[in-house]
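Novice: Listed here are the chains, written in short residue letters.
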Amino acid sequence: MFSWFKSITPSASDGLGKMTSEFGHMLDAGRHCFDVAANALLGGTDPEVIRKDLFSTDQSINEAEQNIRRHLVVHVSVHGAASLPACLVLMTVVKDAERIGDYAKNVFDLTPRASAISTASAAHSDLVELKDEVSAALAKTRKAFDSQSEDEARALVRQMNAMEDRCDQRIEEILAGEAEHSAPATLVLAYRYFKRVVSHAMNITTSIFMPLDKIDYFDEKPRPDIT
Amino acid sequence: MQSATHLSTKPFKAGNRGTNPWLRALLVMALLYLFLVGITALSSTLKSMGASEAEGMIQAIRNPFAALSVGILATVLVQSSSVTTSLIVAAAFQTAQTGVDLEDAIEPFIPMVMGANIGTTVTCTLAALGHVTRDVEFERAFGGATMHDFFNLITVAILLPVELATGFLRSSAVWLVQTLQLGDGMKFDSPVKNAVKEGYKAIEFLVKDVLGISGTFLHGTMIAVGIGLIFLCLVFITKNMRSLMATRFERIMNRTLQKSGVVGMLIGMLITAAVQSSSITTSILIPMFGAGLLSHANGLPIMLGANMGTTITALLAAVATGPAGLAIAFVHLIFNLTGILILYPIERVRMIPIRLSEGLARATVASKWWLLLFMGGTFVGIPLLGIILFG
Numbered sequence: 000m001f002s003w004f005k006s007i008t009p010s011a012s013d014g015l016g017k018m019t020s021e022f023g024h025m026l027d028a029g030r031h032c033f034d035v036a037a038n039a040l041l042g043g044t045d046p047e048v049i050r051k052d053l054f055s056t057d058q059s060i061n062e063a064e065q066n067i068r069r070h071l072v073v074h075v076s077v078h079g080a081a082s083l084p085a086c087l088v089l090m091t092v093v094k095d096a097e098r099i100g101d102y103a104k105n106v107f108d109l110t111p112r113a114s115a116i117s118t119a120s121a122a123h124s125d126l127v128e129l130k131d132e133v134s135a136a137l138a139k140t141r142k143a144f145d146s147q148s149e150d151e152a153r154a155l156v157r158q159m160n161a162m163e164d165r166c167d168q169r170i171e172e173i174l175a176g177e178a179e180h181s182a183p184a185t186l187v188l189a190y191r192y193f194k195r196v197v198s199h200a201m202n203i204t205t206s207i208f209m210p211l212d213k214i215d216y217f218d219e220k221p222r223p224d225i226t
Numbered sequence: 000m001q002s003a004t005h006l007s008t009k010p011f012k013a014g015n016r017g018t019n020p021w022l023r024a025l026l027v028m029a030l031l032y033l034f035l036v037g038i039t040a041l042s043s044t045l046k047s048m049g050a051s052e053a054e055g056m057i058q059a060i061r062n063p064f065a066a067l068s069v070g071i072l073a074t075v076l077v078q079s080s081s082v083t084t085s086l087i088v089a090a091a092f093q094t095a096q097t098g099v100d101l102e103d104a105i106e107p108f109i110p111m112v113m114g115a116n117i118g119t120t121v122t123c124t125l126a127a128l129g130h131v132t133r134d135v136e137f138e139r140a141f142g143g144a145t146m147h148d149f150f151n152l153i154t155v156a157i158l159l160p161v162e163l164a165t166g167f168l169r170s171s172a173v174w175l176v177q178t179l180q181l182g183d184g185m186k187f188d189s190p191v192k193n194a195v196k197e198g199y200k201a202i203e204f205l206v207k208d209v210l211g212i213s214g215t216f217l218h219g220t221m222i223a224v225g226i227g228l229i230f231l232c233l234v235f236i237t238k239n240m241r242s243l244m245a246t247r248f249e250r251i252m253n254r255t256l257q258k259s260g261v262v263g264m265l266i267g268m269l270i271t272a273a274v275q276s277s278s279i280t281t282s283i284l285i286p287m288f289g290a291g292l293l294s295h296a297n298g299l300p301i302m303l304g305a306n307m308g309t310t311i312t313a314l315l316a317a318v319a320t321g322p323a324g325l326a327i328a329f330v331h332l333i334f335n336l337t338g339i340l341i342l343y344p345i346e347r348v349r350m351i352p353i354r355l356s357e358g359l360a361r362a363t364v365a366s367k368w369w370l371l372l373f374m375g376g377t378f379v380g381i382p383l384l385g386i387i388l389f390g
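Chains as they are written, first to last, in numbering that gives the first Met the number 0: chain W, 0 to 226; chain P, 0 to 390.
If you are wondering where the hints come from, they were derived from the structure by calculation, not from laboratory data.
Any given hint could turn out to be false.
Said to hold, decoys possible - Computed cross-link-like contacts, DSS-like style, restricted to lysine-lysine with a CA-CA straight-line distance of at most 30 Å:
hint, chain 1, residue 1, chain 2, residue 2
1, W, K94, W, K139
2, P, K207, P, K192
3, W, K17, W, K142
4, W, K51, W, K104
5, W, K17, P, K192
6, W, K94, P, K258
7, W, K17, P, K238
8, W, K139, W, K213
9, P, K46, P, K192
Unchecked claim - If you want a taste of the chain W side facing chain P, the calculated C-beta under 7 Å gives, among others:
hint, residue
10, R69
11, V73
12, V77
This one's a predicted model, so the numbers in the text were calculated from it and none came from an experiment.
Positions of the beta carbon are idealized from the N, C-alpha and C atoms, including for glycine.
So that you can see chain P by itself, here it is in the shape it has in the complex (with noise of 0.2 Å):
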């Protein structure tokens, strides 16, 4: 028995999408200040461990190729630099709190911060695996996927050694902080970190008072419960903004198709600021690139834009911190647009990436062994190295 049942003439009605966007719009609001809370008591607690413990865990970290392992593997296991970042701005903040300079707070940090964005391509890349049972489909996926991840380590090899031979983006984030006057600013009592600090108040209440939790494990519980309201409030706000966003997302991105360039950026920055994870704007383009609706030369400024679009993550977090969390923002940002001044503007260097992308999947093709080489290198195998050999 054929039944109409089976294809649902919903779909072709405009408007029926569930949720109302307004309650959407407010759950994005409650979670986001949900997201600061835990910034907060991450930030807080680490802040009232003390010195020593401190100094413990910049140790592990000193090493920049271990920082830089840490970033790619922690944001790897999470699938979001938004997470790592906002965790690395806490962190960056504590840090501060034992005396510091601020450039010395923040200098361990910033191999993490280029770590991470190494790490968060491995979810597109991931997406492209899809189109694995058809090789020219494939080939045109995987090329895409992989340009944003050689455009990434093509820039942390450019930058790291800079950084650590002149401190170019921990003195260029601190001046920024300072010119800008934003770490006194963040000082002041804003309602928005009034509000915050009510909301970590209360969490801290129920943790010690309620829960009678106490000591060393009032520590591991308060960063448990900071680490988790951030990993959850962003999965939470990166799903309902894109549920918010996607008819606009849709209608941008069926003008973007044949544009590249500038626009592009901007559209791909947008799009990754309003769900808070680049990793969503990239992903969307695989299957894109796997159609041939999209060339590679056309995506890739999308992706620097998600590239872009990414650190406003760390500067929201910044907003529960202080300056050094700031200044990490900041370093995430300048990191990113310095690479694309490097790598961007000229079209023979811009075509570095997606050259070597698109020959590693020219490569892949042949061999599906070069798929499990550069993934299992890139995101797991180099990054333990590194920690085991410099951490």
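So here's chain W without its partners, still in its complex pose (with noise of 0.2 Å):
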């Protein structure tokens, strides 16, 4: 008896939560997918040792995405519109971690011309840089979305930011030449789709705290509360 109505009372495991937490589950491994991808590209990991997970992980982000999108529709019947605003967030982030695993292996069909960018170079050392900045972000978006903290998301943000105008300072110095590349076009590329796993990771992050109707167009306005 005890048992049977400690199973009709809502937990962690049921609806909502099951849907956050696997949500958690595709953020991380949307993050797996950009390091190991980044890693082939900047570390020298041979490309066909980590193909394999890559897709594999990529594969079951795409999984979770319509999985988490069926028990939305589940949930959404059966509990009416109580919880319609966190549903359609969920809806809509669930998109962009999706999106991350996609520029995860936009990164990796960089790797064929990862010897063409030489690991002696400023170039290298600022990518290698941001790449950890990215995989250290991605991990803070995860926890940001799980404690549903205002405070941590608004730091974030700001971060992820500068992050952003760090790759497209980047790309503009390449595209203007202003220094010698050995690979520019994998370069601009490279910066490029870490700038996208970033704008990915932040929609999620601005979740947290913006109105449902403003998420993903945060930049497009000047935003007197981030500062």
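Both chains are sitting in their own frames, so use the hints and assemble them into the complex.
Specialist: Here you go:
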């Protein structure tokens, strides 16, 4: 009797709690994809060694996205509109989490040209540093989403904004030919993909404190509340 | 200014669901008790009205098509077959008190039970209208909703003539009551029945002695109180059980989406028995049909399970009445079970209501007149015509 009754009381393993938890796993998987792909590009890991891992992890992200969407429809059908805002947020950010996996694969696609980026170059060092920052930001995104801490989220958005600016600046420098690069196209694409990974993580982070209709559009207007 | 209050962070935290489940469970128990008091108030008042009034009521629904029409219209109006069948149980109990044979007592009410089955599908069909602005989504949702309509219409089209010709349902139900000796069992002084009687006496005291109502007005008031209690209690039982069971339903539905057959049927039956409303179960499915998450073939068994699960209300109501009430509750159960046994096991037969509903959905997308024709005809026009012509 008591176990039956316990089973009908809400817990983290049910409904939105379960979907949020699955979303957290998506973020972890996205970070894993990014790490292995960026290591293959910059760290010299043999791409063939990680290919299977990367693609199967990305596949699990895609499946999780579909699973969450399915569960969201069931959740709203059963519970009604009470948790609709949270469901809509999840429906939105789940796409961002899936895109992180896709951009990680784009980074991986650059590995055949990885040898063209000299490991002794400043650009290589900068990308390695940026890779570590992006990876850390992805971990913080997961943490902020779990805690739903507005302060953590706002601080993280500031960091990620800086990372995006840095990527734009590097791309601009390369395109302007301010310095000699052995593989400028590869570098531009790498910076671009890193920036996209950060952007999608930032979308997820802003969903914690932005109004639902403003998610994804936070960078189009000056934000007096984020300094 | 972008405010953090726009999006509460609370929805992402599990365990934030308002009222304590234990309180809800206690509330449901209290509502169940009041529901039985309502049934007793209604059946006892009808009993005290005498044979002539009973005969008058029976005459009004003596024609099976009129009774079927009354069942459809009454259920459409209250949007709950549970309310209609509970009222039928109370009325059948009263008829049996006039000294007629048990089979004869329940006979006029059987088409009404069938009508209630048809009428109850209006809620999920109405729910499908929420998707009307998006054609593809609407076609899936409306096809899913009307699949239930067609299944019940076909079942009635088969079983009503069979019942009129053979009396199969009433004799099976009476045989069941007698074989299980439940009719006699109803007569013993169970604590529940005694407690329900005390509740009824309290209401009678309130109406008769405190409010000073007597004579014909007393009957009218007690009937109104009985019907009111039955209706309100079922509404609030459904509401509370839905809240109480929502988390479990969600878990079950997530596991059921890709399954079909007996599992889906059991799920539909359990959910409906728990919330005492087939409309809740079937309406939950509509957005899933619309979103394309649930195929019509996988949704049908859940709806048929809902047909079975909804019979629990009449069986509960029978607790407060006697053999006739129980017999009519069994009629409801046997009718739905027979419908499933006829239409479900063979795939080609099973696909008939699905094909019909999908055809109607396609036609409705092409022209919304079909929507008006189907809903207006099935739930209002034909039943009204039935009452006018045969009533």
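Novice: Of all the hints numbered above, which does this structure not satisfy? Sort the numbers upward.
Specialist: Of the numbered hints given earlier, the structure breaks just one, which is hint 5.
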